[in-house]
Amino acid sequence: MTRLAHLWDQSRCIACGACIAACNAANYHSTDMTNKTWGWLASNIKRVEILKGPRPMLYLIQCQHCDNAPCVTVCPTGASYKDVDGLVKIKAELCIGCKYCMVACPYEARWLHRETGLPAKCMEVECLSRVKAGLDPVCVAVCPADARAFGDVDDPNSEISRRLARSRYVRLLENKGTEPKYFVVVGP
Amino acid sequence: MTAFQEIWDPLLIGPFLWLAGLAGMGAVAYVLLRQAKVDNLKTFSWVLFISIVAALVFVVADLSRPWNLVNALTTSFFTGEFGLFRSWMAVGIVLLFVAALLLFLVALRHTVNIKMLSAVVNAGWFGVLLAAVGLLVTIYSGFLIAAAPGIPFWNTALIPVLWMLSASVCALALAELLIHRDDVTKFTVRAGTALEVAELIAVLALVNLAIYGGSTAARTSGWALVYGPLAPAFWGGVVAVGILTPLAIGLVSWRREIKWLLAVAAILALIGALILRIVVLQAGVFEPVV
Chain V
1 MTRLAHLWDQ SRCIACGACI AACNAANYHS TDMTNKTWGW LASNIKRVEI
51 LKGPRPMLYL IQCQHCDNAP CVTVCPTGAS YKDVDGLVKI KAELCIGCKY
101 CMVACPYEAR WLHRETGLPA KCMEVECLSR VKAGLDPVCV AVCPADARAF
151 GDVDDPNSEI SRRLARSRYV RLLENKGTEP KYFVVVGP
Chain E
189 MTAFQEIWDP LLIGPFLWLA GLAGMGAVAY VLLRQAKVDN LKTFSWVLFI
239 SIVAALVFVV ADLSRPWNLV NALTTSFFTG EFGLFRSWMA VGIVLLFVAA
289 LLLFLVALRH TVNIKMLSAV VNAGWFGVLL AAVGLLVTIY SGFLIAAAPG
339 IPFWNTALIP VLWMLSASVC ALALAELLIH RDDVTKFTVR AGTALEVAEL
389 IAVLALVNLA IYGGSTAART SGWALVYGPL APAFWGGVVA VGILTPLAIG
439 LVSWRREIKW LLAVAAILAL IGALILRIVV LQAGVFEPVV
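Residue numbers (the numbering used here), protein chains in the order written: chain V, 1 to 188; chain E, 189 to 478.
FYI, nobody ran anything at the bench for these hints, they're computed from the structure. Mixed in with the good hints, there may be bad ones.
Stretches of chain E that chain V covers, calculated by requiring three or more beta carbons in the stretch to come under 8 Å of a beta carbon on chain V [said to hold, decoys possible]: (1) 249 to 260; (2) 269 to 279; (3) 390 to 402; (4) 440 to 450.
Since the structure is predicted, the reported quantities are computational estimates derived from the model, not experimental observations. C-beta atoms are modelled at their ideal positions from N, C-alpha and C, and glycine is treated no differently.
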């Protein structure tokens, strides 16, 4: 079975924002349209700064492609679905814009696209076509610090599996039972 | 500054939940009134039908892709992707349409004289079906938000129960306003008082559990309602206007019924139930990811 997943290495990330900008450029054609849901730009990656504690922390949040995705469960029409490759995708033709998926997602990983009315999220059309062609999603491809990886976590020889095997990592809000597939590496 | 959820507009989804509850428990009340041989239910039945239609209007108004509604529903239905056994939203879509159809037949039966229609609406099975659908619509309106894992404050079994209590109060208030018969008034006053007490306990339990036993987000929501920016609407609109005042009037009316005062209590109870849903929706906060 294939289970495609994202890895973000917090210890390597230099917070340059290249992944965020690349997502905006590739998937939303560098539009300056605002993402009102997050108060952010049209990108599927959200930057969250934690300012409490001894030093500021940065997190990049995006769709976790959960194995037990609440957005898929609550969708009335099957517009949100989990594909055989393990990614959570949207069939635009089935979406009525009820936004149930948006309130169901504990990660607040979806934002409302003002023009299409779709609950946008990682991964969008351009990245999906790249993955289909055997390439990495744009956020992984442009990262200058090699802080990102993408691949099949069920394949022990994939880069993501090898990096996970040698790293300490966490998954966000694991207590929600969503079985997220966005691995945050916190150190070697 | 608390970042409340802005995905579902409380001023659209709040009235939707309120109207669905009103129509749902109103349908149950209609069946009970028919059992009690109450005549002249024309206005009552039309108010229920208008409520369910208005509920549909409010929920469609919050959709971001309303133009795709018919196509998406029919396609998902015929391709087997419709989530009837998975999603409360899908369950609700079916229930709301069935309730609208049944309530239209009821309103029509009290308006035009068609023998076959009267026979159907007067049949025992129709009453059972109408009451069951009404109850399910009300329960659904609670589960819809309780089953949204993103907002911890809503993820409690108390919400469907509270919604049912509050919708029952609304149905009694509607009966109080529209049906002028002494035995009905007596029943609505007594049952209304008991339900107001139960609703008060449920409301206080909801915020108490959120503040003292909830997650970070649920605590933030509870705090916002009890002490924070939503406190005036919660204490003033929900508790004082929506529950305590009707309760006090109800208790006074056990000894002596004053018609205009009972009407005021009914209107306040209806307003309180609406504010309750709006502030509970408004208070929704996502859990911090870290």
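Verification of the supplied hints:
1. Note: the stretch 249 to 260 of chain E has 9 residues with beta-carbon separation from chain V under 8 Å; the three-residue rule is met and the coverage holds.
2. Remark: the stretch 269 to 279 of chain E is confirmed as covered by chain V, as 8 of its residues place a Cβ nearer than 8 Å to a Cβ of that chain, reaching the required three.
3. With 0 residues bearing a CB less than 8 Å from a CB of chain V, the stretch 390 to 402 of chain E misses the requirement of three and the coverage assertion fails.
4. Note: the stretch 440 to 450 of chain E has 0 residues with beta-carbon separation from chain V under 8 Å; the three-residue rule is not met and the coverage is violated.
Of the numbered hints listed earlier, those contradicted by the structure are 3 and 4.
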